[in-house]
Amino acid sequence: MINQRIFSLLQCPTCRVRPLVVEANGVRCPRCQTLYPFCDGYIDLMPRGAEFDYVSKYVSDEEQLAAELDYRELAPPLLAAGVRDRTLRRLMRWQKNDIVLDNGCGTAKHAVWNAKYVGLMVGSDPATLFADEAVRTVTLAKADSRLLPFADNSFDKVFAIDILEHFPLPVIDAYLAETARVLRPGGRMLAFSNTRERSPIQPLIDVSRFLGRLFVKAGVYDFEREKLRKSDHIKALETWEDVLAAFERAGLRPVKVIFWNSLFTTFVEHVLMKLGEAVIGRNRGRSASESVPTRVSAGAAREIRARQRMRSRLRKKGPVYYALLAVTLLMELDLWLFGWMRCGSYFILVEKPRS
Numbered sequence: 055m056i057n058q059r060i061f062s063l064l065q066c067p068t069c070r071v072r073p074l075v076v077e078a079n080g081v082r083c084p085r086c087q088t089l090y091p092f093c094d095g096y097i098d099l100m101p102r103g104a105e106f107d108y109v110s111k112y113v114s115d116e117e118q119l120a121a122e123l124d125y126r127e128l129a130p131p132l133l134a135a136g137v138r139d140r141t142l143r144r145l146m147r148w149q150k151n152d153i154v155l156d157n158g159c160g161t162a163k164h165a166v167w168n169a170k171y172v173g174l175m176v177g178s179d180p181a182t183l184f185a186d187e188a189v190r191t192v193t194l195a196k197a198d199s200r201l202l203p204f205a206d207n208s209f210d211k212v213f214a215i216d217i218l219e220h221f222p223l224p225v226i227d228a229y230l231a232e233t234a235r236v237l238r239p240g241g242r243m244l245a246f247s248n249t250r251e252r253s254p255i256q257p258l259i260d261v262s263r264f265l266g267r268l269f270v271k272a273g274v275y276d277f278e279r280e281k282l283r284k285s286d287h288i289k290a291l292e293t294w295e296d297v298l299a300a301f302e303r304a305g306l307r308p309v310k311v312i313f314w315n316s317l318f319t320t321f322v323e324h325v326l327m328k329l330g331e332a333v334i335g336r337n338r339g340r341s342a343s344e345s346v347p348t349r350v351s352a353g354a355a356r357e358i359r360a361r362q363r364m365r366s367r368l369r370k371k372g373p374v375y376y377a378l379l380a381v382t383l384l385m386e387l388d389l390w391l392f393g394w395m396r397c398g399s400y401f402i403l404v405e406k407p408r409s
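Residue numbering for the sequence shown is 55 to 409, as defined by my numbering.
Honestly, the hints are just simulated from the structure, not real lab data. Even for Gly, the Cβ is constructed at its ideal location relative to N, Cα and C. One thing to keep in mind: the hints can contain errors.
Claimed, not checked - Taking CB as the label site, the calculated pair distances span: (1) V274 with N207: 47 to 55 Å; (2) I255 with R144: 41 to 49 Å; (3) C93 with P308: 35 to 43 Å; (4) G173 with R365: 39 to 47 Å; (5) K271 with V76: 54 to 62 Å.
Stated by the list, open to error - Derived pair list, reagent style DMTMM-like, types lysine to aspartate or glutamate, alpha-carbon separation capped at 20 Å: (6) K196 with E77; (7) K196 with D115; (8) K281 with E77; (9) K196 with D98; (10) K284 with D115; (11) K310 with D186; (12) K371 with D139; (13) K370 with E187; (14) K281 with D186; (15) K289 with E302; (16) K370 with E127; (17) K281 with E122; (18) K281 with E116; (19) K111 with E219; (20) K170 with D186; (21) K284 with D216; (22) K271 with E323.
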């Protein structure tokens, strides 16, 4: 869905001119005459002729990842994604007239889950691995965050979930500088990412990791899909001081920080959830609605089947949904109990100064 309100926010990512001219099949720059076409539910606003040293794996290997990541259908915001989403809503304090950018939206799941709370939700990503529901309900742009196709001071709020750990330092600086440019004075950005720092309670967290490794050795499950998803993590911001320095260079002032010391979360993700997937995803009597790629490992196929089967149950919001919601709240205890203890994973809320 392309909401017409986005047209007034656009500028040419190639030559930085605005406004763009809306035509039947796209938007055109009046200076360089570049046509940015309307595609299947999004606008292709990639800069033309730009060459970048860094290209995301999600762009270079988009076709392979599209087949393996099972991204098109969304589940409700539960488990780790639910904790991220609940924290996003709590810290951003959405207003009905907010114009919001999900900068590096991926499937745009967080944009979908929060669109009803704001005036206009825009998702932007250079890869078009957008969920079907996002295409139907969110205004989407194929765009590069180093040259955003939006005018200065366009957005009240911006968020970035699981983004910064993918980038080398020059790209992080360009990403944050562009985010600051399109954010209105007094506007706020929330980022969730992680550094290389260990938690003060890491020995306790590692107990769950050890149990998970035992189950992997026993062949009960594996972490192949998780390795694929994290295979391009760079973590150029290695320490918390690096994080603060990057936001300072972009002119963004920290407002609030919550660290995620994942004591309960690691047990859920490395043991409880994986055991559930191993049981639910067994290759038995597949339904017609299930679609598992043929080129993935047995463990990845089992995980995909489990997630597809669980999504069909979660839509009904019955006992399974509320059981997973209870587990989500257990995981969120990591933030409430240990959020003050510095560790690698963090939520940071920052503000663009008014002057």
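Now for the hints, and whether the structure bears them out:
1. V274 with N207: 47 to 55 Å: holds (53 Å)
2. I255 with R144: 41 to 49 Å: violated (23 Å)
3. C93 with P308: 35 to 43 Å: holds (37 Å)
4. G173 with R365: 39 to 47 Å: violated (29 Å)
5. K271 with V76: 54 to 62 Å: Once the Cβ atoms are compared, 58 Å apart, the range 54 to 62 Å for V76 and K271 holds.
6. K196 with E77: holds (18 Å)
7. K196 with D115: holds (16 Å)
8. K281 with E77: Between K281 and E77 the Cα gap is close to 43 Å, so the pair fails against 20 Å, i.e. violated.
9. K196 with D98: holds (5 Å)
10. K284 with D115: Measuring from Cα to Cα gives roughly 14 Å; hence the hint holds.
11. K310 with D186: With a Cα-Cα distance of about 33 Å, the restraint between K310 and D186 is violated, given a limit of 20 Å.
12. K371 with D139: Between K371 and D139 the Cα gap is close to 18 Å, so the pair holds against 20 Å.
13. K370 with E187: holds (17 Å)
14. K281 with D186: violated (25 Å)
15. K289 with E302: holds (18 Å)
16. K370 with E127: holds (15 Å)
17. K281 with E122: holds (12 Å)
18. K281 with E116: With a Cα-Cα distance of about 16 Å, the restraint between K281 and E116 holds, given a limit of 20 Å.
19. K111 with E219: holds (13 Å)
20. K170 with D186: holds (17 Å)
21. K284 with D216: Roughly 10 Å separates the two Cα atoms, so the pair holds.
22. K271 with E323: holds (17 Å)
Consistency with the previously given hints fails for numbers 2, 4, 8, 11, 14, ordered from lowest to highest.
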